[in-house]
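Number of protein chains: 4
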Amino acid sequence: MSFQNPVFIPGPTNIPERLRKACDMPTIDHRSPLFGQILHPAREGVRKVLKSERAHVFIFPSTGTGGWETALTNCLSAGDTVLAARNGMFSHRWIDMCQRHGLNVEVVETPWGQGLPADRYEEILTADTGHRIKAVLATHNETATGVKSDIAAVRRALDAAGHPALLFVDGVSSIASMDFRFDEWGVDVAVAGSQKGFMLPPGLAITGFSDKAMAATGTATLPRTFFDVKDMEKGYANNAYPYTPAVGLLNGLNEACTMLLAEGLENVFARHHRIAEGVRAAVRAWGLELCAASPEVYSDSVSAIRTPDGFNATSIVEHAANTYGVAFGTGLGEVAGKVFRIGHLGSLTDVMALSGIATAEMCMADLGLNIPQGIGTGAAQDYYRANPAQAQKVAAE
Amino acid sequence: MSFQNPVFIPGPTNIPERLRKACDMPTIDHRSPLFGQILHPAREGVRKVLKSERAHVFIFPSTGTGGWETALTNCLSAGDTVLAARNGMFSHRWIDMCQRHGLNVEVVETPWGQGLPADRYEEILTADTGHRIKAVLATHNETATGVKSDIAAVRRALDAAGHPALLFVDGVSSIASMDFRFDEWGVDVAVAGSQKGFMLPPGLAITGFSDKAMAATGTATLPRTFFDVKDMEKGYANNAYPYTPAVGLLNGLNEACTMLLAEGLENVFARHHRIAEGVRAAVRAWGLELCAASPEVYSDSVSAIRTPDGFNATSIVEHAANTYGVAFGTGLGEVAGKVFRIGHLGSLTDVMALSGIATAEMCMADLGLNIPQGIGTGAAQDYYRANPAQAQKVAAE
Amino acid sequence: MSFQNPVFIPGPTNIPERLRKACDMPTIDHRSPLFGQILHPAREGVRKVLKSERAHVFIFPSTGTGGWETALTNCLSAGDTVLAARNGMFSHRWIDMCQRHGLNVEVVETPWGQGLPADRYEEILTADTGHRIKAVLATHNETATGVKSDIAAVRRALDAAGHPALLFVDGVSSIASMDFRFDEWGVDVAVAGSQKGFMLPPGLAITGFSDKAMAATGTATLPRTFFDVKDMEKGYANNAYPYTPAVGLLNGLNEACTMLLAEGLENVFARHHRIAEGVRAAVRAWGLELCAASPEVYSDSVSAIRTPDGFNATSIVEHAANTYGVAFGTGLGEVAGKVFRIGHLGSLTDVMALSGIATAEMCMADLGLNIPQGIGTGAAQDYYRANPAQAQKVAAE
Amino acid sequence: MSFQNPVFIPGPTNIPERLRKACDMPTIDHRSPLFGQILHPAREGVRKVLKSERAHVFIFPSTGTGGWETALTNCLSAGDTVLAARNGMFSHRWIDMCQRHGLNVEVVETPWGQGLPADRYEEILTADTGHRIKAVLATHNETATGVKSDIAAVRRALDAAGHPALLFVDGVSSIASMDFRFDEWGVDVAVAGSQKGFMLPPGLAITGFSDKAMAATGTATLPRTFFDVKDMEKGYANNAYPYTPAVGLLNGLNEACTMLLAEGLENVFARHHRIAEGVRAAVRAWGLELCAASPEVYSDSVSAIRTPDGFNATSIVEHAANTYGVAFGTGLGEVAGKVFRIGHLGSLTDVMALSGIATAEMCMADLGLNIPQGIGTGAAQDYYRANPAQAQKVAAE
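Residue numbers (this note's numbering), protein chains in the order written: chain A, 1 to 397; chain B, 1 to 397; chain C, 1 to 397; chain D, 1 to 397.
A couple of the hints might just be wrong.
What the hints assert, rightly or not - With a straight-line Cα cutoff of 20 Å, these simulated SDA-like cross-link-like pairs (lysine to any residue) come out: (1) A/K338 - A/G36; (2) C/K234 - D/K234; (3) A/K230 - B/K51; (4) C/K134 - C/D119; (5) D/K230 - C/K230; (6) C/K230 - D/K234; (7) D/K230 - C/A153; (8) B/K212 - B/P242; (9) C/K338 - C/T314; (10) B/K230 - A/G368; (11) D/K234 - C/A153; (12) A/K234 - B/T330; (13) A/K230 - A/P111; (14) B/K234 - A/T330; (15) B/K234 - A/P111; (16) A/K234 - B/K51; (17) C/K234 - C/T217; (18) A/K230 - B/D96; (19) C/K48 - C/Y236; (20) B/K234 - A/H92; (21) D/K230 - C/T217; (22) B/K51 - B/A152; (23) B/K51 - B/T314; (24) D/K234 - C/T217; (25) A/K134 - A/E277; (26) C/K234 - D/K230; (27) C/K230 - D/R100; (28) D/K234 - C/M214; (29) C/K134 - C/A153; (30) A/K134 - A/P111; (31) A/K234 - B/K230.
Hint data in this document are derived by calculation from the structure and do not stem from the laboratory.
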């Protein structure tokens, strides 16, 4: 059941010992003041990780998908129009959810591998003089393609168009791993999960709402109870939830924020970038290319690696699991079979990253690709040696 | 943060060592066959605990409240009428959820302390010749009042009326603690949580759907994505979820079902009844009364105990927490301040139960009630001695 | 395998959650500086718990018995004479160990139930003008009889006789539970274990050596390697052991000392006394007597309770285990079958203590003793209510 | 405190999740039948791992060093002569222990890097016609040099000489990792520890005694109490110990034996050999040599790697710890500064081994050795690919 090898899926991540212990709690009374001593610091920690002074943080026993639904149902009404680009499986799924909830989605089809087209957003928003568009959806990091988008540019597009739409950002695989600026970017709803940058088991939808988004809840008529942020707000005021909270995970979240903030957010981001660069050095040494179209959209939390034409990329994932007991991610949707993914987010050391790179290297050779053994690991080793970790100790805890 | 005393809230319960360890897992790939080896036995175990041959079991990273929403949104459409009795805080909340989702609720107001009025249900259903009522809601065990209702009687009411409405049963605080018969009672959707009879941390909504309920999903138009059972069904067929599952809790659920089924469901129910009888013996010795109106509605998972007029029952809960480090439940809604609650579900031994009884006894005396010390604990001790546990070992694991 | 009921053996004790987690560590390099960050604070913590400024603390992967052997083999030579009283099974065993190691033991037979006869020690030491006696052995707390001895009086006896013998004190079941003053009492070797007042799993012999005892190691010729304190001292100077240390337990010991010192040693002792007084109130209510002859020798860590003549006290222990899943201690040696023991040391709350008292009460009635149910628990409840805990929160952690 | 990287010291090893959980137990009564259900299967499991039908297994809360002392003190008397070769630090320490216990040691100085000189043993034993030599000491695997000796050859030497001396074998770093045949080799006392092939935390001395060794205890006069096997034997007959046992570690030992025997001992040995061969392939690719003089003495649990003249091998160990958070072993005694050691025993996967090899490779380059990155990892990858694991799943648990 339990494996000793690290996992290299793009979440859930490897869980640091300290966080496993924080989550593994005996039962306490979730209606006692003791619970407040977990809940409030956890929310405050999340707010800081979001780089926000003002965000209203709501945490649900759910997942990132539940976080999306929280954003939609609390701020919108059936028939509302939203603007969204589809450039990967996760932006696709969010669009699908909108449609199921009776929203009208203006979809900007975008090549998988590219970031969100902020210019196109600006055109559409500028054209929408009647402000039919109520919200703009932006997936900060497309987990399926390993593509990071420029959320600041999306904000600039809204501002340039003078458009009042809300800005919803899916930060599930970016928040706590890559720079995210809730206040500076004017984000209205941010969505994260426990199992990515926060390094926890899955089970929490973590959301931040702006004042503007909170105001929108007053008129939004999409039905909601479990995900209702006003109920949640009322509960929090009494150290409680409207239902039974996931106490252990919240305790873990509090501890995770303590760890991240002690390390320093910029150090956390630099650490992710550095680990990712090692993986990318290996990819170059293998003579392969990333799905991400250009360096400015390279994700620091996951790399989707294109395999040669005619080669089934998914076979690498299966072979790694069966032969070496290592988990990578498969390609999804449009890039299924064309890419495999190495997740490199959360708590990961050089040494752990190298073991993943070595495994991928072995698998590709086992499956007939002409990849000399040691070439990619060596390239990554060279990168890690030349760029020593700043904060190995904290990262490794 | 962690206490050594048992908790006596009506859930989350004390978590057996074995289940804490089952939940505390390192990360595995939730898209690998290994996950299927956890998921499918867990679902099969739940089905058996529900006493069903045919139920479709869906498990969400959520809570019982999310389970209610699952029942409503998958089977109903805005404007549909449902029939529900309000006899406590949890039936009240479910009614409230229906109304928020645009359902029309025919509410049968019922005194708190009494069970569901099956006779009244039958009258209403018989009168509903146009079958306007699409679903009947039934809270099997009202956690707020410690009242168990007769679900078989509700089924008989439906049958007597020849009414096709779906039967939704909230079994959150009954399933895996008290007898529940999905098939025999013709339940269409059953809702449970991980943190009650399954003895796990909170974080799972556990639901069972009948074939009839599954058929209803085809026409139900309430918006749903996170709680969509058809997406879930598709995922399960591939050993997967439509999003990231709570792997550790599912592993714990699998283990919990293994424990419950190894003990034998009838033994589990008898154990709960026996522990509850000891608590009730103490209540009688104290000269107090239960909120539950009569023995046939006494709950075996929680006792709501009325304190004398003019006495603030909630002070017992606060005093127990502050002075003895023990958690009881307060009264909610109509009975706030009038009752305090002793939860006695899940993994509890005689010895643990006695420590809760002794604490309540000390608190009442500390707060001025004339309760001789030892009178209630002695009565419970006499009961437990006269009715020895059948399966102490299994229960105590 | 694991039980939810507290244990009431006189050690190993119930392990607080925090200490279980501290002990459960992944492997680290025990020859790295990191290990020093565990070892040195742990030793320093023990020194403070011993109330010593100067003790040399040595910790072996062993047990209290190994600690006795450490005292003997490092300070004595074959043929040396030691003075010891036999007033229970543990003093008996230490005497036996001396004899096996070729020491000549002057045994002062003392009734089981009485403390060490300091007056008799003084007479013998005064008579020993040739200083044939090299060491005086003193069992601070006889775990077999629940008898505490007056170590200050033994020191006064040595001083009054002007005798240079070393003073070895077995504090296995007293240290960290009852007042122990290494420096003030002029103790030369103190012996403790991890599994009593330190609330840890068994596996450590914890010893403190005075400068005088360290000097004695220079001439002592009893063979020793594993228990050699000079090897240990050399290792410690390099953040290391002469062999592989029990890293997890040492990490736990460090944490245990942090907890004890944060609570305050006097608070720890008062807490033990208070819990013990509740147990003794129950014993009085049952009409039974302690093995300990008089209040000034009552142990605050364990009570040995005499049952009526003709009643097999051991049957209580067996019945409690089989019927209620609760562990008490049997009588040992001279008092086998005549007493049963309730351990009440380490991390124990009122509520836990009451569950043990209630169990004993049920067992005695089950086995035919005329003990009205609730009489002892009620008496203990009255005591605990009248004497509220000062530091419930810390104690309960 | 806790690191996510695997450790590569030659014990304690990485602890599998399953064993960490087995060791982390709440307190149980170590004088109850429940303890017997842990103790006896653990002893039986050890006996099978020793490949013995008849060994008397005794397990002490101690370490391998305590196990040596157990062998000596239970079977020998002061002034007895023993025969021992010194070919590394651990054989050296055992000789030192003999001398401290007043034994007369006939030392055969043997170059570090070579195995035990069975021929020389035979000459000496043949010449000892008076049977002055009471015991022959043999270190099966010299952890300091990574050298495995031929115990069967030592037995043949004894037999050829017709000599009745007892055969004591230090199998601390071989048992449960490399083939060990207690019965076939006529071993009289075998010594192991919990923290090597058994994959547990340190804290247990594990010993097996032959009938002949047990008989020798009757006349052996070295003082012993803590390590007395006859006391232990008496305790075991009552499901108990003569003192407090390390219950959690024993529970872990039981589980470890279950894992090893389920995998199959030959598979366990093959797995160790295979992992070791990968490490040795890397060493060859680096152009370095092992301390072990020839392939037939290569250890499958640890490799001591010679670095070039003038290079301080210990700096690799320090650099790996400081820069990469990885633990290797330093050289000891004669080979201090000349070798560094990679431990590759216990629960280790290809992927984990590769991360250690990559780290060593980076360190050597960082410290100025001309080691192209990827050359050693690539060689190991080629070996692992060409020699796929038979039982990856079991090994990885």
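Verification of the hints:
1. A/K338 - A/G36: Violated: A/K338 and A/G36 sit about 48 Å apart, past 20 Å.
2. C/K234 - D/K234: 36 Å, violated
3. A/K230 - B/K51: Between A/K230 and B/K51 the Cα gap is close to 38 Å, so the pair fails against 20 Å, i.e. violated.
4. C/K134 - C/D119: The hint holds at about 18 Å.
5. D/K230 - C/K230: 29 Å, violated
6. C/K230 - D/K234: 33 Å, violated
7. D/K230 - C/A153: Answer violated: D/K230 to C/A153 is near 37 Å, above 20 Å.
8. B/K212 - B/P242: 23 Å, violated
9. C/K338 - C/T314: Roughly 8 Å between the alpha carbons, so the hint for C/K338 and C/T314 holds.
10. B/K230 - A/G368: 39 Å, violated
11. D/K234 - C/A153: 37 Å, violated
12. A/K234 - B/T330: Since the Cα atoms of A/K234 and B/T330 sit roughly 18 Å apart, the hinted pair holds (cutoff 20 Å).
13. A/K230 - A/P111: The given pair, whose Cα atoms are some 38 Å apart, is violated under the 20 Å limit.
14. B/K234 - A/T330: 18 Å, holds
15. B/K234 - A/P111: 27 Å, violated
16. A/K234 - B/K51: 38 Å, violated
17. C/K234 - C/T217: 14 Å, holds
18. A/K230 - B/D96: Given pair A/K230, B/D96 holds - Cα atoms ~15 Å apart, limit 20 Å.
19. C/K48 - C/Y236: 18 Å, holds
20. B/K234 - A/H92: 18 Å, holds
21. D/K230 - C/T217: At roughly 29 Å apart (the allowed maximum being 20 Å), C/T217 and D/K230 break the hint.
22. B/K51 - B/A152: Distance of about 14 Å is within 20 Å: holds.
23. B/K51 - B/T314: Given that 20 Å is the threshold and the Cα spacing comes to 37 Å, the pair is violated.
24. D/K234 - C/T217: Between D/K234 and C/T217 the Cα gap is close to 32 Å, so the pair fails against 20 Å, i.e. violated.
25. A/K134 - A/E277: It is violated: about 38 Å lies between the C-alpha atoms, which goes past 20 Å.
26. C/K234 - D/K230: Given that 20 Å is the threshold and the Cα spacing comes to 33 Å, the pair is violated.
27. C/K230 - D/R100: Distance ~13 Å between C/K230 and D/R100 Cα, so the pair holds.
28. D/K234 - C/M214: 35 Å, violated
29. C/K134 - C/A153: 18 Å, holds
30. A/K134 - A/P111: Violated, at about 25 Å.
31. A/K234 - B/K230: 33 Å, violated
Of the numbered hints stated above, those contradicted by the structure are hints 1, 2, 3, 5, 6, 7, 8, 10, 11, 13, 15, 16, 21, 23, 24, 25, 26, 28, 30, 31, listed in ascending order.
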